[in-house]
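Student: Each chain is listed here by its residues.
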Amino acid sequence: MMVRMAATRDGYGDALLELGGNQRVVVLEADLGKSTKSLHFRKQFPQRTISCGIGEQNMFLVGAGLAASGYIPFASTFAIFTERGFEQMRNGIARPNLAVHVCGSHGGTHTGTDGSSAQSIEDLAIYRTLPNVTVLHPCDDVSTKILTKQLVHLNSPSYTRTARNKSPVLYDGREDEIEIGKGVIHRDGNDAAIIACGILVSEALQAAQELSLEGIEVTVIDMHTIKPLDEALVLDVAKKCGKIVTAEDHSIIGGLGGAVSEYLIENYPVPMKRIGVADRFGESGESEEMLNLLGLSAPFIAEAVRKLLNS
Amino acid sequence: MSSIAELEEVARKCRVRIVDMVYNAQAGHPGGSLSEIDILVALYGTTLRVDPKNPSWEDRDRFILSKGHASPGMYAILAEHGFIQEHDLTSYRVLGGKCQGHVDAKWCPGVDFSAGSLGMGLSFGMGSALAARLDGSQRQAYVMLGDGEIQEGSVWEAAMAAVHHELGNLNVILDCNGIQNDDFCDEQMRMFDIPKKWEAFGWNVKIIDGHNMSEILEGLEFLKNSNQKPNILIARTVKGKGVSYMENNPSFHGAAPNDEQYALAMKELGVA
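Residue numbers (the working numbering), protein chains in the order written: chain A, 2 to 312; chain B, 4 to 275.
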């Protein structure tokens, strides 16, 4: 069967367009609307699209001012450039709890040939430290679209990471299962659990298939919401499987692996392995090359499971 | 409309409140509060469309104190207009108090912008002005910036963007007291011709004496012009104005008076 391929940033663009009927929704751009896909909204709703030029710090706080006056701003740029406005996000958005929704596209090493300066591998970690901020990293265009549309009801700020390049679509026909804060089980098994997000969910599913041929059955979870973490689900699979691998196209420090291990260490410690970028920067390369170079692709995830089972 | 003499008397009372707050807390920022207070008194007394009984009235004008450390000045005028009570002023920098160290909308009625980190208020004000336009409202956004503060690069991102978006309903008052945390601005980072910089960015610019009440009122009238450029009043002020030993003294950017100094301040401000 041919798997449909799509980029999560397109899901974001489609969601904004569908949200356009809501007169309170405004879109903020920093000269990357063509890339983040807010351009579709701009075309339909130019009056409610605000160009901030190449000025991310200003963009975030313009969003704060709009939110404080009852609007629902969606501001996007590359994930890496959102980081320039981190203190604005911290002091101007998270602290007063203003519902500004930031989307960082082109996240992770998967963004590829632009090289290390464009590959944000710390965004999930830094935004996760901020009180009031919901952190999302969906794995396909369908879930990105649905999660983005759910943000208008959140009444608090958020950060969503999307990716530049296409990846397998996993949620066609499963739209009803997507809800902010709820992890989704994509495969069931008792030997170990792989908790993944973003681009590595499909890699985790491939790893699970490979392991199954060896008689190893693993649970695979799409943890699209990094914060608030679906702690009940993490606890369930920790009890059921006893061994956990996390997988993310992000630094092993502070992201999904950090969130899961922080929770488990205090509640139900089990042997774990974190798949992620091992405290280094990326470099130029195609998406698949990056995942292999940095040890993030399916074979590495499968090997991590084997090692855990043999330890 | 209050007379100039009445406004000057309100300003004197506010100066007493400022010194009281900082003395009681034995911490805080008297210098920049005393330099801005004449302008705040005129703004709240004659121009700002706000309702103390309904501080979150949606169609109110917005006032954004971007130099949020100068909070005693803002608390003093909020108390004058009944947003908070006189006794709330004793909560300045006290756990659980309305009067947080830096103005904070979560804690204090009448505060529109949670400040504390410099260079953020103009962008927030721009968002407020855009929202007013989208709402089809005539309400105005007023932003008080400090002169040291405009060394932050993001201020100029906002200065550029506000002109691009033709936000004639965005008004800045720049409190040019010439002193920042460590020293005189001219020692820390010379800014040369400040009015020329704003003019070059495309703003309507007017220079006033920020302690001369009739000039301040003229300046506030100037802000009401109806063209599509944002407006800035560049107010020449004296840091610590009204308390002799604080005036133009970098030590009183962020320091409290001792007992003896407090007594002298009270005497100078006409408190028996």
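Treat the hints loosely; a few may be bogus.
Partial list, derived from the structure: chain A residues whose beta carbon lies under 10 Å from chain B [as the list claims (entries may be wrong)]: (1) G21; (2) G86; (3) R91; (4) S285.
Covered by chain B, according to a simulated footprint, are these stretches of chain A (three or more residues, beta-carbon under 8 Å) [claimed, not checked]: (5) 68–82; (6) 93–100; (7) 155–168.
DSSO-like cross-link-like pairs, simulated, lysine-lysine; straight-line CA separation at most 30 Å [unchecked claim]: (8) K232(B) <-> K44(A); (9) K167(A) <-> K150(A); (10) K240(A) <-> K183(A); (11) K183(A) <-> K150(A); (12) K240(A) <-> K274(A); (13) K228(A) <-> K232(B); (14) K183(A) <-> K274(A); (15) K183(A) <-> K44(A); (16) K232(B) <-> K150(A); (17) K16(B) <-> K101(B); (18) K150(A) <-> K274(A); (19) K35(A) <-> K232(B).
In case anyone wonders, no lab produced these hints; they're calculated from the structure.
Don't be surprised by glycine CBs; every beta carbon is placed ideally from N, CA and C.
Student: Please go over all the hints and tell whether each is borne out by the structure.
Tutor: Here's how the hints hold up against the structure:
Checking G21(A) against chain B by beta carbon gives a least distance of about 14 Å; that is not within 10 Å, so the hint is violated. Because the beta carbon of G86(A) sits about 9 Å from the nearest beta carbon in chain B, less than 10 Å, this interface hint is met. Hint on R91(A) holds. Least Cβ distance to chain B is approximately 8 Å, under the 10 Å limit. For the restraint placing S285(A) at the interface with chain B, the shortest Cβ-Cβ distance is roughly 29 Å, beyond the 10 Å limit, so the hint is violated.
Counting residues of the region 68–82 of chain A whose beta-carbon sits less than 8 Å from any beta-carbon of chain B gives 6, enough to reach three: the coverage restraint holds. Under the rule that three or more residues need a Cβ within less than 8 Å of chain B, the assignment of the region 93–100 of chain A holds, with 4 such residues. Given as covered by chain B, the region 155–168 of chain A fails the check, having 0 residues with a CB less than 8 Å from a CB of that chain where 3 are the minimum. For the proposed pair K232(B) and K44(A), the alpha carbon gap of about 26 Å is at most 30 Å, so the pair holds.
Between K167(A) and K150(A) the CA atoms are separated by roughly 21 Å; this keeps the pair inside 30 Å, and the hint holds. Using a Cα cut-off of 30 Å, the hinted pair K240(A) and K183(A) holds, with the two alpha carbons roughly 18 Å apart. Distance check on the hinted pair: K183(A) and K150(A) sit about 15 Å apart at the alpha-carbon level, within 30 Å; holds. Of the pairs offered as hints, the one joining K240(A) and K274(A) holds, with about 16 Å between alpha carbons and a cut-off of 30 Å not exceeded.
Pair hint K228(A) plus K232(B) does not hold up; C-alpha atoms about 42 Å apart against a cutoff of 30 Å. Note on K183(A) and K274(A): the hinted pairing holds, with a Cα-Cα distance of about 22 Å set against a maximum of 30 Å. For the proposed pair K183(A) and K44(A), the alpha carbon gap of about 33 Å is over 30 Å, so the pair is violated. For a cut-off of 30 Å, the pair hint linking K232(B) to K150(A) is broken: about 36 Å separates their Cα positions.
Taking the CA atoms of K16(B) and K101(B), the gap is near 20 Å; set against the 30 Å cutoff, the hint holds. Annotation: proposed proximity of K150(A) to K274(A) is violated, straight-line Cα distance about 33 Å (limit 30 Å). For the proposed pair K35(A) and K232(B), the alpha carbon gap of about 29 Å is at most 30 Å, so the pair holds.
Violated hints, in rising order: 1, 4, 7, 13, 15, 16 and 18; the structure is consistent with all others.
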